[in-house]
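Enquirer: Chain by chain, the residues:
Protein chains: 2
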Amino acid sequence: MSEPDSIRKRRLREFLDRVWSAGEGDAADEYLAESYTIHNDPGDPWEGRTLSREGFRERLTASRAAAPDQKFDPVRMVESGDTIAVAWRWSGTHTGPAPGLPPPTGRALAMTGATFYFFDGDDRLTGHWQIADRLGIYRQITG
Amino acid sequence: MSEPDSIRKRRLREFLDRVWSAGEGDAADEYLAESYTIHNDPGDPWEGRTLSREGFRERLTASRAAAPDQKFDPVRMVESGDTIAVAWRWSGTHTGPAPGLPPPTGRALAMTGATFYFFDGDDRLTGHWQIADRLGIYRQITG
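Chains as they are written, first to last, in my numbering: chain A, 1 to 143; chain B, 1 to 143.
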């Protein structure tokens, strides 16, 4: 059942590794279209907005601050048309501040989530539709 | 960009409409394989279990009790190989009991979620990997 990654799957794995896990903000430009729309992402302060590449980097920096050692592991990828749906696991250590969260607890955190990533004809990302297990994180931090 | 639904997409829409939205427990047998595995579903008491068709109906009845008028609306479907990933919106009125929730509030609730559904060679469902915005529901009920 296993087949080699498509160009878009390979690029998406790189984007998750380099940009979201490693925090290489400059690398984001290699993967993003001119604008990036956050179609659905409950709890994300940027939900509903369309960001420039600079705006995306600001969101990246702010979003990664709570757990700078964070890692996204794709567990499934389903590609069709202009979309790749990714089921993922996330882990990180709560060592920094973030909007809506209590001060850093130093706790090891983990959650799952799913993101539908949208591509343009140049294999660049134009936005996403996302859901994450925010309640799981909330309980790990406050419980 | 719009194309007709595949057999599996059509069957999945029917399954969501008839089984999850309308609560037709007997109809589930038309869509399920002999066993159904819940691979990931944070907050679901059946997470990690493999259910018989009877076990699935028990989960259906218990899960729908909190909001019997509930409705699932698929907003995107991405199909490849044995999988269809669905991004969905859910709405319902909190009129019944459910594990882990306070007593019925009568409130109108809404959330989004994503489910990766897995099929066998007979186009029957063998399980899912799911994530839902539980924190959104929790806040709508307790806020």
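If you're looking for bench data, these hints aren't it; they were derived computationally from the structure.
All figures in this text were calculated on a predicted structure; none of them were measured in a lab.
Hints may contain errors.
It does not matter which identical chain is meant; a pair holds if it fits inside one copy or across any two.
[Claimed, not checked] Think about it this way: if two alpha-carbon atoms lie no more than 25 Å apart in a straight line, the pair counts; the simulated SDA-like pairs of lysine to any residue are: (1) K71 / G43; (2) K9 / P99; (3) K9 / A98; (4) K9 / G96; (5) K9 / S63; (6) K9 / P97; (7) K9 / Y138; (8) K9 / A108; (9) K9 / T95; (10) K9 / P102; (11) K9 / R57; (12) K9 / H39; (13) K9 / G100; (14) K9 / T93; (15) K9 / P104.
Enquirer: Honestly, which of those hints from before does the structure not fit?
Expert: 2, 3, 4, 6, 7, 8, 9, 10, 13, 14 and 15
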